[in-house]
Amino acid sequence: MSDLTWDEIIEQIDQLVISAVDAEESDLSTVIGVHDDLMEIVAVLAETDYSFLSKIGQKGAEIAMRIVLQESDDVEYDLDTVIETCSTLQCMVREIIDEEDPLSVPLPEGLGLELEDLEDEEDHEDDDEAPEESLVESLEEPKDHDSERAELEEGETASENNESKVLFSIPEQEINPDHLVAFLSDMNDLFDTAESAILALENAPDNKEKLQDLLSVFHTIKGNAGILQMHDMVKVAHIAETLLEKISILTPEAANLLFGAIDCFKEMDLSLKSYLDNRRFTVITNPGMLVEEFEGYLTELQNTPDMIPPKAKPSFFPDEPRVKTERMIDPNQLEGIAKTQPINKISQTGEETINMPFSAIQDQSEYQKSQDKEIAESVDLQAITKIKTSDLDDLIDTVGELIISYSMVENDLNISQIKNIATQKKIASCTKLVKQLQKVALRARMTPIQPIFQRMNRLGRNLAKKLDKEVVIRTFGEDTELDRTVVEAIHEPFMHLMRNAVDHGIEQKNVRAKSGKPGVANVFLRAYHSAGNIIVEIADDGGGIQIPKIQEKALTLGLVKNVRDPNIDWADFIFHSGFSTKENLSEISGRGMGLNIVKQKIQSLEGEISIDSEQGKGCKFTITLPLTLAMLDGIIIRIKHNNYILNSKDIKEFIQLSPEAISSLIDGAEVVVHKGKSIPVIYTEEVIDSPSLSRDFKQKIGVIIDKDDKPYCLVIDEVKQQQQVVIKSLDKSFSQLIGISGTTILSDGSIAYILDLQNITERYLEMQSIERTMS
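Take the sequence shown: its letters are residues 1 to 775, numbered as in full-length UniProt numbering.
Derived by calculation from the structure, the hints in this document are not laboratory data. All C-beta atoms, glycine included, are put in the ideal place defined by N, C-alpha and C. Take these hints with a grain of salt, some might be off.
Claimed, not checked - Derived Cβ-Cβ restraints for the label pairs, each shown as a range:
1. 641 / 466: 55 to 65 Å
2. 771 / 426: 54 to 64 Å
3. 571 / 604: 19 to 29 Å
4. 181 / 519: 43 to 53 Å
5. 27 / 771: 32 to 42 Å
6. 410 / 648: 14 to 24 Å
Stated by the list, open to error - Here are the simulated EDC-like cross-link-like pairs (lysine to aspartate or glutamate), alpha carbons at most 20 Å apart as the crow flies:
7. 222 / 186
8. 700 / 686
9. 435 / 393
10. 620 / 608
11. 677 / 650
12. 675 / 706
13. 601 / 706
14. 517 / 470
15. 652 / 608
16. 601 / 709
17. 707 / 686
18. 432 / 412
19. 426 / 412
20. 439 / 391
21. 246 / 300
22. 222 / 292
23. 246 / 295
24. 439 / 397
25. 266 / 36
26. 652 / 709
27. 720 / 412
28. 601 / 76
29. 561 / 572
Start from the sequences, fold in the hints, and give me the full structure.
Now the structure itself:
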C-alpha cells in the first residue's frame with residue numbers, strides 16, 4: 001500500500017487534470033510534462049488496493065508518448081483521450097473516497113480498454129503468488145546502475161523482461177550535459193538518414209548502395225551510443241547491423257524491425273532530453289523484446305538462402321586499410337613468371353608467405369583503380385557547421401533591424417544632392433552590401449521540404465498497413481527549399497492531408513479491382529517554386545470526392561437549401577468544421593475536423609489551398625505558401641491617419657471609386673460594378689476599426705483583391721509607395737486584433753500594420769450575415 005492517503009493522491013490528480021487541460025498539441029513540452037506526471041501517478045496507484053487504476057494511467061501515458069514521438073494519426077483526438085484519462089482517474093479516486101465503486105465510471109473510448117478487463121484483473125490480483133516485477137515496480141525501484149552495467153557486459157540487457165515498457169536511464173555519474181546535447185543533435189540527423197534509406201529500399205529492396213548506407217548509419221549509432229555507455233541502444237543497433245549484413249534485399253518484415261529500432265532510439269532520445277530538462281528519465285519500449293524480435297527473424301533467414309548476399313569483391317587484407325596500387329612495370333610482362341609464385345607480405349606481427357594467383361592481383365589492382373576513379377569523380381562535400389537555432393534567429397532578427405535602420409538613414413539622406421562622387425560610391429557600395437546581407441540571411445532561413453515528405457512517407461506507410469491497403473508514396477521535389485518557420489508549421493496540416501488521402505481517398509483492394517484499377521494505389525507528394533511562392537501538391541489515384549454524399553450531408557446539416565444552386569462549390573464544404581461524410585468513426589478519422597484545421601493553418605501562414613477532384617480518378621490538394629515569413633514586397637497604403645501594408649501578390653488592381661459606381665443590394669450589402677462583375681465592397685476602416693460616420697467617395701480608392709476565388713473591393717484613402725518590409729510578429733496579447741497579422745517599421749521610422757486580408761474578408765462576411773439576420 002502506498003504511503004500517501006487517498007486525499008493526497010486526489011490532490012496530485014487534480015493538478016494533473018489542470019496540466020492536461022492546459023497542454024497544447026503544438027507545444028510538445030507540455031505533453032511531455034503530462035506524460036511524466038501521469039507516470040508518477042501510475043507508480044502511486046500501483047501500490048494501492050486498486051492497482052488496476054495504474055493500467056488506465058499507463059495506457060494514457062502511452063498515448064501521450066505517441067503524440068510526443070509524432071506518431072499519432074490524430075493528435076487532437078489522442079490529446080483529448082489523455083485529458084479524458086486524467087479526468088477518469090480523478091472521478092474513480094473520488095468514488096473510492098466516497099466508498100463507491102470506481103468501476104461505475106465509464107472509460108474513455110480512445111484507451112481501447114473495457115471495464116470487464118479491469119474487473120477480471122481486480123478479481124485475480126490476489127491469486128498471483130509470485131508476480132513478475134511490474135513496470136511500476138521498476139519505476140519505483142530502479143536497478144543500481146553499476147550492477148546494471150555489469151549485467152550488460154555479461155551479455156544481458158537491463159530490460160530483458162516481459163514488460164513492453166521499461167524505465168530508460170544511463171549511469172548519471174558518466175553524463176556530461178555538453179556531450180548529451182551534441183549526441184542528440186547527431187542522432188536526429190542519423191535517424192532521418194536511416195528512415196529515408198528504409199523508405200527508399202521499400203521501393204527498391206535490392207538497392208545495395210542504400211543497404212550499405214543503412215548499415216553505416218546503425219554502425220555510427222552504435223559507436224556514438226557506446227561512448228555514453230548507452231548499452232541498450234548499442235544492443236539494438238548491433239542486432240540491426242547483424243540483420244543488414246545477412247540480407248541482400250530488404251523484406252517488409254526487416255523494414256518493420258528497422259523502423260521499430262529507430263522508434264526505440266527516438267524514445268531513448270526523448271528520455272535523455274527529459275533528463276536534460278528536469279533530471280528525470282522516462283519509459284521507453286523494451287529494447288530486450290525488440291532484440292528478441294530481431295533474433296527470431298534472423299533465425300528464419302537461416303532457411304532462406306536466397307536472402308544471403310553474394311560474397312564481396314576479393315580483398316587481400318580485409319582487416320586492414322586499402323592501399324593504393326601504383327604501376328611499376330607492365331603487369332603483362334610478369335604474367336608468365338608469376339602465376340603461382342609466393343608473395344611476401346610484411347604485417348605488423350611479422351612476416352608471412354601467402355600463395356595467390358597473379359590474376360587475383362590484377363583483379364584487385366583494377367578494382368582499386370575503379371574505386372580511386374569513383375572517389376575522384378565524386379562531388380566535393382561542403383563543410384557543414386551546426387549552430388543553435390536560437391543563434392540563427394538572433395542573427396536574422398539583427399539583419400532585419402539593420403535593414404530597417406539603413407532604410408531610415410537612406411530616407412534622411414538626399415543622396416542625389418550629395419556632390420562628392422567618392423561619397424556617393426561609398427553609399428552605393430554600402431547599399432549593395434546590405435542587400436547582399438539580406439539575401440544571405442533569408443537563404444539561411446531556407447531549408448529543404450524533404451524532412452516533411454519523409455515523415456509523410458512514414459505516416460502513409462503506417463496508415464496503409466493499419467487499413468490493410470497497398471499504397472506507394474511517391475515524392476518529387478524533395479530538395480525544394482522554403483522558410484524554416486513554414487516547414488515547422490506545415491507538419492500538422494500535411495499530416496491531416498496524408499491521412500485523408502490514405503483513409504478517405506484510397507479504396508480497398510476489392511473496390512479498386514472492380515473499377516479496373518491496380519491493387520497498389522499511389523499517393524503523390526510534389527513541391528516546386530512558382531512566382532515567388534512554393535507550391536505543394538498532395539494527390540492520390542483513389543475514388544475522388546463523392547459530390548452526392550457532400551450534398552446529402554450539407555442538406556442534413558442545414559448548410560444549404562438547394563443542391564441545384566450552380567454557384568455552390570461543393571468540394572469546399574469538406575473544409576467546414578465538423579463536416580464529414582464518413583459513416584464510421586475511427587481513431588484515424590471521421591470527426592470532420594482535420595481539413596478545417598488544415599485550411600486554418602495554411603491561411604495563418606498567408607497561404608491558400610485548393611482542390612481538384614475527379615470522381616473515380618482521384619483527388620489533388622494544391623497548397624500555395626510564401627517562400628519566407630520574414631519579409632514581403634508590400635504596398636504602403638493609408639486608411640484614415642494610419643499606414644498599412646498590403647502584400648503585393650494579393651493585389652489585382654487599383655480603381656478610382658465614385659458614388660455612381662457603388663450600388664446597394666436588397667440585403668444591404670454594397671457592390672461596385674467593375675469589368676461587368678459585381679464585386680462586394682469592404683469598408684476596411686469599419687472592419688478593422690470602427691464604423692465611419694460618413695462615406696465620402698471623392699478621394700477613395702478601391703483595391704481589387706481575390707480571396708477564396710472570390711473578388712472583393714477594399715476601400716482605402718491613399719496608395720503611397722511600394723517597399724520591401726521586414727515583418728515583425730505581434731505579441732500574443734495583440735492576437736485578437738481584427739485584420740492585422742503583423743507590423744513593420746517604415747523608412748521614415750513610423751509603424752505600419754500588415755493587413756490580414758483573409759481575416760478581413762471573413763470578418764466582412766460575418767458582419768453581413770449578422771445584418772441580414774437583424775433585418
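Exercise for review: Determine which of the earlier numbered hints do not hold for this structure and return their numbers in increasing order.
Suggested key: none
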